[in-house]
Amino acid sequence: MWKLRRYLKHYIKETLVAPLFKFFEACLELIVPVMMAEMIDVGIKNGNTAYCYFIAAVLVGFAALGLVCALIAQYYAAKAAHGYGTELRSAMYAKINSFSHAELDRLGMPALITRITADINQSEKGVNRFLRLFLRAPFIVVGALVASLIIDWKLGLIFVAVTVVMGLFVWLIMALTIPRNKTVQRMLEDINGLTRENLTGARVVRAFARQEKEIADFKKKNERMMKMQSALGVISSLLNPVTYVFVNLGIVFVLVFGGGFVNAGTLTQGEISALINYMSQILLALVVFANLIVVVASGSASSERVYEVLLMHSALVEGDKENPEKPDTVLEFRNVSFGYNAGGDNAVENISFTLQRGQTLGIIGGTGSGKSTLVALAERFYDVDSGEVLVDGMPVKEYTFKALRGKFGLVPQKAVLFKGTVRSNVQWGRENATDEEIEAALGVAQLGETLAGWEEGLDKAIEQGGRNLSGGQRQRMTIARAVVGEPEILVLDDSASALDYATDYRLRKAIKEQCKSTVIVISQRASAIKNADKILVLDDGRIVGEGTHDALLKGCEVYKEICASQLEGGAK
Amino acid sequence: MKGKALDLGMLKRLYAFIRPNRKYLFLSLFCSLISVLASLLATVLAGEGVDCIVGAGNVDFKRLGLIAAAIGVVVAVIFVSEWLQNIFIQKLAYKTVRNIRNDSMETLQNAPLSYIDSRDKGDILSRVITDVTEISDGLLLGFTQLFNGVVTIAATLVIMLVLRWEIALVVGIFTPLSLLIANYVAKHSAAEFKKQAVKRGEMTALVDEMVGNQKVVKAFLQEENNTEKFEKINEELKESGVKATFFSSLPNPSTRFVNNIIYIAVGLIGALMVIGDPAAFTVGTLTAFLMYAGKYAKPFNEISGVVTELQSAFTSARRVFEVLDAEQEDPDAPDAETLHAEGRVEIENVRFSYNKETELIRDLNLRVERGERVAIVGPTGCGKTTIINLLMRFYDVDGGRILVDGKNIENVTRNSLRSSYGMVLQETWIKRGTVKENIAYGRPEATDEEIEAAAKKAHAHGFIRRLPQGYDTVIGEDAGGISEGQKQLLCIARIMLDLPNMLILDEATSSIDTRTESKIQRAFDEMMEGRTSFVVAHRLSTIENADKILVMKAGRIIEQGDHRELLQKRGFYYELYNAQFAKV
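So the protein sequences, as listed, match chains A and B.
Here this note's numbering is used: the first residue of the first sequence is 75, the next is one more, and so on.
Here this note's numbering is used: the first residue of the second sequence is 1411, the next is one more, and so on.
Rather than coming from a laboratory, the hints here were simulated on the basis of the structure.
Where a beta carbon is used, it is the ideal one built from N, C-alpha and C, also for glycine.
Just to be clear, a hint being listed does not mean it is correct.
Per label pair, the in silico range of CB-to-CB distance [unchecked claim]: (1) A:Ala-305 <-> B:Ala-1690: 46 to 56 angstroms; (2) B:Leu-1590 <-> A:Ser-498: 31 to 41 angstroms; (3) B:Tyr-1764 <-> A:Asn-409: 48 to 58 angstroms; (4) B:Ala-1863 <-> A:Ala-526: 53 to 63 angstroms; (5) B:Gly-1611 <-> A:Val-220: 42 to 52 angstroms; (6) B:Asp-1470 <-> A:Arg-79: 38 to 48 angstroms; (7) B:Glu-1769 <-> A:Ala-305: 55 to 65 angstroms; (8) B:Leu-1443 <-> A:Ala-305: 21 to 31 angstroms; (9) B:Ala-1863 <-> A:Arg-260: 47 to 57 angstroms; (10) A:Lys-628 <-> B:Glu-1954: 47 to 57 angstroms.
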């Protein structure tokens, strides 16, 4: 958690005020036993009722002051913690936005989501607890020790000894339990995974008649966890009883030695009473402290995960140029090679091709053959390992992200929409698109009829992920979103998979007639690309064929094989 | 929900889980009683000890020594009893949790698939994992804390009453006041908490949506717009967070304040009494009283926390019991036969629906001879899996019957029926474990040679060999390293290991690249040879070569026949055929 301290820098005042007032409160609390001793030794001994009343009044004042201090401390602790959380969240979000696809791939979206929500909440809570409670315990312990040393340094030494031994013991228990706790946690995750598996695979489990075995497997794991937990329980259960023993032994010492001192006249009865009181305070504080360590430890594990993300840097360096030129060659790959993992196999290797303005490029190949990778490199979501990619004659590395990506209209494989309306979703493609432009785009995307059927028209609400639309409608919405910006290059990445063949055909026709864009179509279906001006056939990251449908049918084995398996006699 | 928090029926059910280990409960309660009483005794002794030390030259050393020894003994008793109490209650908690989880698993494995299909898996999961933990934490640990608290309160009160009833009355009456204050504050902070929860929800929704689709966001240059939205919610979250946290932290200092006041009152009244009559009320008694006041107050402070914990434990228990109450499949009839199917399947007048309102299948009749091939076709989402569900008895028919080798499938054991089919579904399922274990899933005792042979037949051998540890590489549903297509190959290898006489195949191999797919197809064709097969078909050749074709639309079987007959009919099949397979 310490590593993230700079996110507290705007809240230095709060961060200091909170513990300070906690300290005041602890001091006030520590004075109480001394005052009580005073009441016993002076008030009672002398039969001075007025003095007793006086002390009581002062104590009530202290209690009220203590309450005020506590409230101030808690208010500032809350403020500091939430301020910290807010800054951390902002920083994290900015970081995520700065990541290239490479970092996003490495971390994974689910992990990022947990880190920016749950982990930061946990870390925030950790800071709050730390400021509010964690410091209180040491204050009380140290304060009680100092007070006892002041009352009588010889007896005070007993206190110091007891506290040190007890502290060591608490540390020992923690050192023994924390790693075992992690083991239990892992076992629980295992059981969680097993349960999930059996739910998602219920059909397969039954098809292989494995229910009994799965139950037995589950029971075995469950039994192991139970044993581990029980063993852990035996150790962690020691904490409270042992601290109790130490403190009471301390009390016995105070009584026995203190008795001698009182007899000798160096100590009073009231002071003995105060010392016993301090001993109990130390006990309570240490137990609270031990329990808090667990909470703070989990907060610091979360902080660690957050910190890890904040340490990462995007490998992409943004260029600073825009490019108003519109040469004939829109896109050019020169000997491009790229691998997702350093040292791993290349996803694409030695790719060279050009795409002319206004033409349609088809890219075909099996899954994992590198089709989508080409587009990701063109939009510079990743940097190439070698070779060069040029858009409108300029290397992509020289563009600002905005200028480069603004030239593309991407229809991704997965049709994702966002919560809002039909209008707001299409406007992602162009911020100030008018209703007419949006309607036109929906028309191209073959959603014209559907739109007419929606009572609310463009104001129709879209739920998160677009789940209130059918798969086909969603896919066409993403097409409208890309088309509305009249991009220089329209990229259709396998984006007709949910459409029936007739709609798919009309869609392609409409794009051809109504969009001025250069088009890149990525597909596994030969029918989707066979009319393209140029087709690239990819196999295992390499271009194994380039040309028109007819030329490839004659010269490219892989292409022939694909067509044969899909068009089956129909396309001969 | 709050009103029903103490539901007797539920307590009874919970007790049923505790019952086998109830000795731990009673032992723990017994130890708890001893440790509470002993620790009160220790306090009395400490007070007595103080009384032995009156002043200079006035210390009763002999008595003091005895008291010190007595405290030593009492402390030893406390140590043992408290330790044992903790051990026992944890043993009970963990054993109970284990039993509930085992029962849940058994229930889920024997629940009809309709139960699992119709529920959110994440929800069931959180019930079996999180809620069960909640029960042990909240109920068992909360319960002991409550028990401890009540015993402490009662015993302290009795001792104080015996010692000096006047002061006991002051303490006894005013301490519960702190409870009222805590409650009052809690009620008012609940509103702030709700606001914070709403904001947190908004934040999570935004992050879920935007970060979850960060690649699309970047493609459309929406980073800045989103940052604006994010910052706005973040700022609002801060404000509500500060309030919620502050208000929720109020009960602690305010109850402490009340307790301090009581402590002072005890001190003052006690002091006045000592001054009034030193013989009847000693300084030692006062010291003890001050300690008792603290001991008495502590459980009150904890009780409000325990109550919320108990409440949430009861809510969790209810959720867990809902899983345990899942309907169960009727067990196999006692005289059910074990099927060794040759492969003749007859479907007679079968009627079926998933819910009572919409009847899906009515009067379905089909005769499939041994070795015949049945293709099931229709647009995506038309419910082709319904047939699979009925054949495998994942669901039971509502009327009519299905016969295999002339035997009604309701009269044979489910396991033998299901083992008679080799099934490859579209959605892949990989169990966490090694590749080898996954292929040998149906027959764990298979030899390495058999496993390798099966992998080769499924064209999986190549990629498996390239995995870091080959056949011993650990894989899982979410574990990276292997692609969706490769998972599918493993699923195919799994049934290649033991090919039964009947097959159920889903041809939709969309995630396998075209070239592998054609190889798979050849393997499919080979294994279908001579075996009765039901194929959810996507390829024209499969359909054309099928002996029977079932045409489905919107969950119903609307046409049935072979390719030629169906084309002649010029119905839905004819349309489908032309749209999908004729020249584009």
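Against the structure, the hints come out as follows:
{"no.": "1", "hint": "A:Ala-305 <-> B:Ala-1690: 46 to 56 angstroms", "result": "holds (53 angstroms)"}
{"no.": "2", "hint": "B:Leu-1590 <-> A:Ser-498: 31 to 41 angstroms", "result": "violated (51 angstroms)"}
{"no.": "3", "hint": "B:Tyr-1764 <-> A:Asn-409: 48 to 58 angstroms", "result": "holds (57 angstroms)"}
{"no.": "4", "hint": "B:Ala-1863 <-> A:Ala-526: 53 to 63 angstroms", "result": "holds (59 angstroms)"}
{"no.": "5", "hint": "B:Gly-1611 <-> A:Val-220: 42 to 52 angstroms", "result": "holds (48 angstroms)"}
{"no.": "6", "hint": "B:Asp-1470 <-> A:Arg-79: 38 to 48 angstroms", "result": "violated (57 angstroms)"}
{"no.": "7", "hint": "B:Glu-1769 <-> A:Ala-305: 55 to 65 angstroms", "result": "holds (57 angstroms)"}
{"no.": "8", "hint": "B:Leu-1443 <-> A:Ala-305: 21 to 31 angstroms", "result": "holds (26 angstroms)"}
{"no.": "9", "hint": "B:Ala-1863 <-> A:Arg-260: 47 to 57 angstroms", "result": "violated (36 angstroms)"}
{"no.": "10", "hint": "A:Lys-628 <-> B:Glu-1954: 47 to 57 angstroms", "result": "violated (28 angstroms)"}
Hint compliance for this structure: hints 2, 6, 9, 10 are broken, all remaining hints hold.
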